[in-house]
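Novice: What follows is each chain in one-letter form.
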Amino acid sequence: MWAYVFRRLIYNIPVYLTIIFVVMALLRVNDPVYAFLGKNTTQEDIDRRREEFGLDRPFLTQYGEFLKRLAFFDFSQESWSRRGRKVSDEIAGAVIPTLSLTIPALTLTSLISIFVGMISAFFRGRNLDRGLVFFAVLGMSISFLVYIILGQYFIAYLPQKYFESHDMKETWGSVWFAIQGYEPGLQHWFHYIMLPVLISVIVAMGYDTRFYRAVMVEETGRDYIVTARSKGATQSKIMFVHMLRNALIPIVTRIMITLPFLITGSILLEMYFNIPGMGKTLITAINEKNLPIIETFTSLFAGLFILSNILTDVLYAIVDPRVRLT
Amino acid sequence: MTNNRFLRSTALLLGVLASSLIVGCNGSADQDPGTGGGTEGGGASAEEKVLHLPMRTDGPKSLDPVRGSTVYDNRASSFVYETLIQYAYFKRPSDATALEPLLLAEMPTVSEDGLTYNFKLKPGVFFHDDPCFPDSKGREMKAEDVIYSWKRMADNDNDPKSWWLMENTIAGFDKYREEQNAAEKFDYDAPVEGMKVINDYEFEITLQEPVYRFLYTLAMFQLAVVPREAVEMYGSKFDLHPVGTGPFTLKEEDWVQGKSMVFNKNPNYHECYYPTEFTPEDIEKGFDKDQGKRLPLVDQVEVTMFVEDQPMWLSFSAKDVDYTQVPAENFDDAFTKRGRRSNRTFELKSDYESEDISWASVPLLDFIFYGFNMDDSLIGGYDEKSKKLRQALCLAMDWDERNDRFYNGINIIYDGPIPPGLAGHPEGHNAPESYRGPDIPRAKKLLAEAGYPDGEGLPVIEFYTSRGGNNAEQVEMLARHMEQIGVKLDIKLVDFSTLIENVNTKKAPFFSFAWSSDYPDAENNLALFYGPYESPGANHFNYKRDDYDQMYEKIRTMPPSPERLKIVESMRSMLLEDAPYAGSMARTRFYLINPRLKNFKPSEDFYNWVKYLNVGE
Amino acid sequence: MMQRIRKTRAGRKLLANRMALGAMLIIGVYLAAAIFVMLGGISPSFCNQPVGPPNIPGFFAEAPAEKRLVNAENTLAVVDRALAKSTPESQQASLDEIQVGLRKLEKISLDDFELKLEKAYAIYDDLSASPDLENDESGLALLADLESEVESLTATPTFSQQVMETIYLSLGTDRQGRSIFIRAVFSIKVAVQIGVVTAMISVAIGSVLGALAGFFGGWVDHAVIWLYSTFSSIPNLVLLVVLAYVFSSINVEIFGKAIGQTLIPVYVAFCCTFWIGPCRVIRGETLKIKELEYVQASTTAGFSPVYTLLRHVLPNTIHLMLINFSLLLIGAIKSEVILSFLNLGVQAGAGASWGIMIRDSRSEVLNSFFWQIGAATTLMFIFVLAFNILSDALQDAFDPKHV
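Chains as they are written, first to last, in this note's numbering: chain X, 1 to 326; chain L, 1 to 617; chain C, 1 to 403.
So that you can see chain X by itself, here it is in the shape it has in the complex (with noise of 0.2 angstroms):
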């Protein structure tokens, strides 16, 4: 197994180097430097700054030293529109806020659509079922965008602005879901990060239903299930035994997949919930030009989804022994 697991790496060498060459080039398609000017200019200044970015280098030498910087970890590099902020303070002072939020995301994302797949799929063409597809291609089909405008008025603004008036600000109001903001640190999660993380499993819980769902759907026809059933096991033993057991290897697959994107976090929850997360920092950054965090950050979610490929499929071999690592 380590043999393949070293195979896979190194097989994905020149896949990593592709990434970070194209992502390098593109961000230099446009000179960057005149992001960083003030208001009035000479081309010195231009000049200085484009010497002191390493900007005047050929683009070679530049990939060969972020590569280089890459191969030792060295994450120290100034962020270019921050002066002494090293990209490794900014990536993981921005990492912690946005996992707060991915993680339970997910978490809550897969229990409820692996158990809403299953009692769709055990019930499969009744009326239950189609009422949950439909549901679930609803709440797929409306903007993310126009829940997080919807969702901070009503469920976060209206209570809070009732709370305000009615003197209940210091006890309801420290309980129920902040308008916008961060706190790190567990009492304050609730209040400030649940609101979004209810946002991100509804618009998340459409995709996942239907694919459990399917996974589901598959299991059924399988002959345990029928044995099972003909040996007069309870409805809900078959389902919650034999074929969540039966599933479990595509639903550690889908979210060993998503696991990467976790870092990612989500620029338009984070912008209206102002929290100061990956995503935000990520456009912030490209808009910016600030491309020493763009690159560190690519070169690492690249990192940790090839890993995280290869896991899946090492894990995939432990769980089912009729799969062969080749």
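Quick caveat, the hints were computed from the structure, so don't treat them as lab data.
Misleading hints may appear alongside valid ones.
[What the hints assert, rightly or not] Examples of chain L residues lying across from chain C (beta carbon under 7 angstroms, computed): (1) D200; (2) V307; (3) E329; (4) D333; (5) R341; (6) I440; (7) P441; (8) A472; (9) V475; (10) R480.
[As the list claims (entries may be wrong)] Here are the computed lysine-lysine pairs in the DSS-like style, where the Cα-Cα straight-line distance is at most 30 angstroms: (11) L:K175 <-> X:K39; (12) L:K488 <-> C:K85; (13) L:K387 <-> X:K39; (14) L:K337 <-> C:K116; (15) L:K387 <-> X:K86.
Heads up, the beta-carbon is just placed ideally off N, CA and C, and yes, glycines get one too.
Use these hints to put chains L and C onto chain X, whose structure you have.
Specialist: Same frame as chain X, but now just chains L and C:
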């Protein structure tokens, strides 16, 4: 919202620190010891006074004064840093008497020829307590610190963004800059001809020529005073770890990127008192309640950044932040307009009034325009043909419609580059030479005279603007106006750096830009058309006329006078006739203020006002 | 055609699904609307024309009284401004240019205009004294007077003009007075265009590469896997935004238009990420089909691999392509909203799109003006819903094991 127990213990700590200071100062002339210096906060039961202020951006980029350039940098820096002089809080910058000493004992004395300025520093001004000083005790600010701080503007290693403020101003400073940047190491101890330290509290500056704006630049945050120890100790981290003399301090961990900044009261803040002179309107608004009290009045300020308007507006309504700017979309929700355009009044709607919310409107020193590149082969040039083309474009635009649709009609549309409130602004916002539209028949006529009847033969004109905000919608309106006379635009909605790149490299023939005055003098705006400042300098129009340049050089060294005003006006007429831009518009910003926030008279021309703010129930 | 579809088992199943038929009908209506727009039914510049006062509600509901007052005043101000010109000729010329929504001004003398204006302004001044217009009955009556005064300034519309006006104002107007109905309908074309083009290109690229990789194996397979691993490992957001940035600022002309002005940047950005899904699926399916007897037989019978691929393999993956097509189409339409929110989607001057409408109206919701966001969301919702139902039905019909 923050943990209460934590707050209370901080209050206690602050109280102890503050009262020890008062003892140390030998009970200095504190006019109202009851609230001065936080003795009240010393009681464990007293509530901490915390302000919650919004900032409509994702945050400042740098807190190092010389590196700052945006209004957000200015706002954040003003918490922790101070300049020699400041704008008086209850006056407005365009008042002749608006400037008052801050770090100075008195206003500087100027020699008769306008060349020599003598400064006397206020004694007893201490830097924030910080590990960069011996025993972490902030030391007293001296004349050397001022000179050092200003020299930092010349050091290219600091990436100074505003050297132009100092260019050709202080005798020998330009030479010093050139020499030191060429040298191996920038020597801050090397002398500059025009900077002379007399003693710890007194220094003298000699100017190259009597540049009038020098007085204004003294109040600009870029010239704030920083201690050398901190700069040398923190290096590039100095941006995040400000050490100044200001009324508030900022700990590095209290600045969460893109989200919030928490400032704490500086317990060692030098003796500064709430003003005692008020206009009747100020008294009516209750601004006089805290008169004579020691500043700052609050213990903590939490600044929250908002990228989107919706969360800011909702947070204000739920009273999570103390004031808000009124986003254009929410204007009608809060105000009713009354009266005709010429004398329009605004009234706050009753549901806001019943919540005791108050409001204020702030006219900004804005010059919002659409610029033409005078070097462009089609649209630029000084001959009749190209001039008429530009004039026709100007005449086709309907600025009133832009104002009505996107700004609720609250902005001021005016002729010339000089914003309302400053000398040189045309009376009634209209200048006779103006080519401001809409005058479609005349626009069509001029376009035909320029050789393009109904736009025939005129190539598509590239128009550059940055995305973001509702720029896309605004450009669609411009395109529609142009279409009326048969002119077609190729709209380039680009990111801000691409816009700057295309303007700086003179590639953009027609572009949208804006300029906020750095100081309340027409000279600042007229400099935008000064030949030597052509792109990548601030003259993005690349407007070059010798007679104009000569006039500009003349007013640069003139104090305000009827004679100067005459020159300014003839420069304005020249610009209106040549039409290197189409415009102009100055925004008016409306603020809504929650009842708990006291003493708030908003200004966007200067940002030292947080120290005067107070909270009440 | 119909007969042939009916003959297949899957086709029968699809046609038996009433929901799917309904969905197809809806999609048909949308496609018809898109074709109407594409044939010049609505031009981008017409999307940009004001047709009435700003922000009036749809279904001919009345705007709030304050809004009506402001709108009336706006018209008066425009006429007043023209009358303020220095000479009678220029006054008349300016008046001739004025357009109030779709209407021109009445052809009356300058003096009459002065008189009417004076009268209207007198009412307006009276109204200004009313503190709470909404609950002031006499004020509301005055307001109605003012509105009829203002209307009398404009020429009486002909019958056909009236019909047009009714249609244009049916869903209200946006903040520039542009018709929400027209913009929403025009957006159908943009959505269909973006959806169909990106889904088609993505499925085509994905299927071809996937089939080649699966069928030939060896280095072809390696190359394709390398390619899609690369693209899928770049964070989606970074790839989308950076590509959109790059394209919108380079100066390449295509069909006489700068590339940034077309939808090409959007297509490229979407296709770069969208082709991976179908590629994976088709590759997997090809691997399976390759092992089937008749394919093996075709190969051993000496037919060229290309023939086998085209004749036996690809046709058997068509259902997967169809399913992927409809999923990607939905994905593209929804992603356009996000891209437009970041101002990277459909460019200014190119008409409208649902994303642009949602972006423009995102702050209006707080003002309880739901018309624009409502129209865009509803139209998009129905379309996406129909496609979702259709793709489910397709899956059900062709691939009963899945779903």
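Novice: Against the structure, test the hints numbered earlier, and report the numbers of the ones violated in rising order.
Specialist: Result: hints 1, 2, 15 break, sorted rising.
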